[in-house]
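*Asks:* The primary structure of each chain is shown beneath.
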Amino acid sequence: MLTYTQQFVRWLFHFYSKQCLSIKNTDTKTIANLKKTGASRWTHCRKRGADGNLRKCHEVEEPGKSSQSSRRQESFTTPESEGPVSRVKNWGDEVEAEEMRSNVRRDMHRYRRRILEADFPQRDRKISSGSSDSRDSRDSKESPAKGDIETDENTLIRRQKQINYGKNTLAYDRYIKEVPKHMRQPGVHPKTPNKFKKYSRRSWDQQIKLWRVKLHAWDPPAEEGSDLQQIEEIDLGEIMDFELDVECSADTESQCPTSSGASLSLAEAFKWSLSLVV
Amino acid sequence: MENSSKEEYKIQSFDLETQKLLKTALKDPGSVDLEKVSNVIVDQSLEDQIFSREAGRICYTIVQAEAKQTNGNVFRRNLLNRLQQAFKAREETRKRSTQEWVCLVSFICNIFDYLKVNNMPMMALVQPVYDCLFRLAQSDALQNEEEVDCLVLQLHRIGDQLEKMNMQLMDELFSLLRDGFLLQEDLSSMGRLLLLEILEFRAGGWSLSETAQKYYYSEVTD
Numbered sequence: 001m002l003t004y005t006q007q008f009v010r011w012l013f014h015f016y017s018k019q020c021l022s023i024k025n026t027d028t029k030t031i032a033n034l035k036k037t038g039a040s041r042w043t044h045c046r047k048r049g050a051d052g053n054l055r056k057c058h059e060v061e062e063p064g065k066s067s068q069s070s071r072r073q074e075s076f077t078t079p080e081s082e083g084p085v086s087r088v089k090n091w092g093d094e095v096e097a098e099e100m101r102s103n104v105r106r107d108m109h110r111y112r113r114r115i116l117e118a119d120f121p122q123r124d125r126k127i128s129s130g131s132s133d134s135r136d137s138r139d140s141k142e143s144p145a146k147g148d149i150e151t152d153e154n155t156l157i158r159r160q161k162q163i164n165y166g167k168n169t170l171a172y173d174r175y176i177k178e179v180p181k182h183m184r185q186p187g188v189h190p191k192t193p194n195k196f197k198k199y200s201r202r203s204w205d206q207q208i209k210l211w212r213v214k215l216h217a218w219d220p221p222a223e224e225g226s227d228l229q230q231i232e233e234i235d236l237g238e239i240m241d242f243e244l245d246v247e248c249s250a251d252t253e254s255q256c257p258t259s260s261g262a263s264l265s266l267a268e269a270f271k272w273s274l275s276l277v278v
Numbered sequence: 001m002e003n004s005s006k007e008e009y010k011i012q013s014f015d016l017e018t019q020k021l022l023k024t025a026l027k028d029p030g031s032v033d034l035e036k037v038s039n040v041i042v043d044q045s046l047e048d049q050i051f052s053r054e055a056g057r058i059c060y061t062i063v064q065a066e067a068k069q070t071n072g073n074v075f076r077r078n079l080l081n082r083l084q085q086a087f088k089a090r091e092e093t094r095k096r097s098t099q100e101w102v103c104l105v106s107f108i109c110n111i112f113d114y115l116k117v118n119n120m121p122m123m124a125l126v127q128p129v130y131d132c133l134f135r136l137a138q139s140d141a142l143q144n145e146e147e148v149d150c151l152v153l154q155l156h157r158i159g160d161q162l163e164k165m166n167m168q169l170m171d172e173l174f175s176l177l178r179d180g181f182l183l184q185e186d187l188s189s190m191g192r193l194l195l196l197e198i199l200e201f202r203a204g205g206w207s208l209s210e211t212a213q214k215y216y217y218s219e220v221t222d
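Heads up: the sequence lines are chains Y and H, in that order.
Residue numbering for the first sequence is 1 to 278, as defined by UniProt numbering.
Residue numbering for the second sequence is 1 to 222, as defined by UniProt numbering.
Quick caveat, the hints were computed from the structure, so don't treat them as lab data.
A few of these clues could be false.
[What the hints assert, rightly or not] Below, in silico cross-link-like pairs of lysine to aspartate or glutamate (EDC-like), each with a Cα-Cα straight-line distance of 20 angstroms or less: (1) H/K164 with Y/E98; (2) Y/K197 with Y/D148; (3) H/K116 with Y/D148; (4) H/K68 with Y/D148; (5) Y/K161 with Y/D93.
[Said to hold, decoys possible] So these bits of chain Y aren't anywhere near chain H, every CB distance computed over 10 angstroms: (6) Q6; (7) I115; (8) H182; (9) K191; (10) S200.
These numbers were taken from a predicted model, which means no experiment stands behind them.
We put the CB at the ideal spot given by N, CA and C, even for glycine.
All chains, please: the whole structure from these sequences, using the hints.
*Replies:* Following this line, the structure appears as structure tokens:
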């Protein structure tokens with residue numbers, strides 16, 4: 001007879017594997033839209049169309065229906081692809097997109113300046129700690145050659161969105177309050193991936209995944225009654241690839257805590273299985 | 001303290017309860033229903049001439065406050081979407097009531113003026129603003145002093161910014177204004193005066209020479 005915990009963990013795996021397979025290969029923008037609409041809407045995409053070419057996944061919205069995510073009026077035509085399309089744009093979305101674009105450009109200027117400073121280091125000068133995701137230009141081993149940074153705006157915007165999701169969590173808030181930047185130890189403390197470095201898509205997505213898993217260590221403590229709620233709130237949209245043989249290195253968190261034989265609280269079991277799954 | 005914020009944001013025309021809501025939104029945006037706040041502001045702006053010309057400032061402050069406190073932009077998003085709805089319905093609004101139409105134009109332009117994104121004007125609003133101004137430059141609108149007055153007010157306030165965003169459209173607009181001034185017979189003399197002034201204003205690089213200032217704005221002694 002399985003304990004509740006074991007039953008629960010089994011169920012969790014089953015649930016994840018069902019859901020994750022259906023969103024395999026969904027790109028991040030759709031994931032972003034999925035996030036907006038809530039975990040209940042899943043696009044069932046086939047990776048390739050009938051002609052054999054890779055397909056982009058569409059977010060399917062029912063025409064004429066006002067969904068939870070978009071507050072568009074009746075007169076809007078259903079967009080054919082993810083998000084608002086050029087035909088009829090929603091000013092709220094447009095301005096947000098503008099803002100993201102100009103933020104990314106501003107970040108790029110700052111980053112370029114910082115790289116130049118790194119090339120001509122001034123020893124007694126402290127680089128001020130403004131909030132920024134890309135602060136490692138000083139490390140000459142990792143520092144990209146001058147021309148070798150990611151400049152494609154769409155890529156940068158996509159990456160920034162992923163970073164924003166991570167930063168927009170209670171865990172992140174608690175983390176930055178608890179550990180100031182100068183106290184961070186590499187390897188131990190999560191570090192935001194640098195969106196300006198050249199990485200393959202897979203590599204970047206993996207870094208984001210690992211970063212977010214690490215951040216979970218700072219999740220607010222769960223109360224007894226709210227454990228089930230926590231489960232519902234998992235945003236499965238964050239999971240890009242589901243692979244049963246886990247690639248990520250075993251952080252201390254992901255060691256299975258049941259080895260001691262002691263019974264787990266639901267929250268601990270949950271955290272453990274989450275880290276295994278991603 | 002109370003009065004100065006009333007003055008600054010021109011919220012005297014709201015009832016007291018709403019004024020309180022607005023003040024709370026300014027200080028503690030996370031604690032209020034920002035969608036409601038934006039609706040309240042939009043509704044008032046579409047009716048109240050004075051507020052429609054000044055609403056931008058309070059909107060900007062609330063947007064900043066919300067971004068800082070909760071990193072959200074519920075207020076701005078709802079504001080813009082309501083604005084977009086009103087913009088879409090502008091022709092009906094104009095038919096129904098010149099005053100409401102004029103309020104709408106003033107409000108959109110004021111939002112364009114104040115709600116900047118990283119210190120840049122919102123690109124999404126450039127075409128809509130021009131659309132409104134072009135509408136005001138049509139012959140049926142030029143006949144109407146209220147509309148000409150609205151048109152020149154907006155050009156005084158945001159003309160230079162609009163021109164930077166799109167020089168060609170501004171040239172086209174002024175072409176219409178020039179034509180209207182010269183060729184349209186049913187303009188009132190005040191309408192004509194307003195048009196002449198704005199033509200000179202732009203020709204002077206969006207400012208009026210001293211002599212022109214004297215001509216248009218000093219009291220005429222009999």
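*Asks:* None of the hints should be skipped; say for each whether it holds.
*Replies:* Now for the hints, and whether the structure bears them out:
1. H/K164 with Y/E98: OK: H/K164 and Y/E98 at ~17 angstroms, within 20 angstroms.
2. Y/K197 with Y/D148: Since the Cα atoms of Y/K197 and Y/D148 sit roughly 8 angstroms apart, the hinted pair holds (cutoff 20 angstroms).
3. H/K116 with Y/D148: With Cα atoms ~32 angstroms apart, H/K116 and Y/D148 exceed 20 angstroms; violated.
4. H/K68 with Y/D148: violated (34 angstroms)
5. Y/K161 with Y/D93: With a Cα-Cα distance of about 14 angstroms, the restraint between Y/K161 and Y/D93 holds, given a limit of 20 angstroms.
6. Q6: holds (39 angstroms)
7. I115: holds (22 angstroms)
8. H182: holds (24 angstroms)
9. K191: Its Cβ never comes within 10 angstroms of chain H, the nearest being 21 angstroms, so this holds.
10. S200: holds (30 angstroms)
Going down the numbered hints, you'll see the structure goes against 3, 4, while the others check out.
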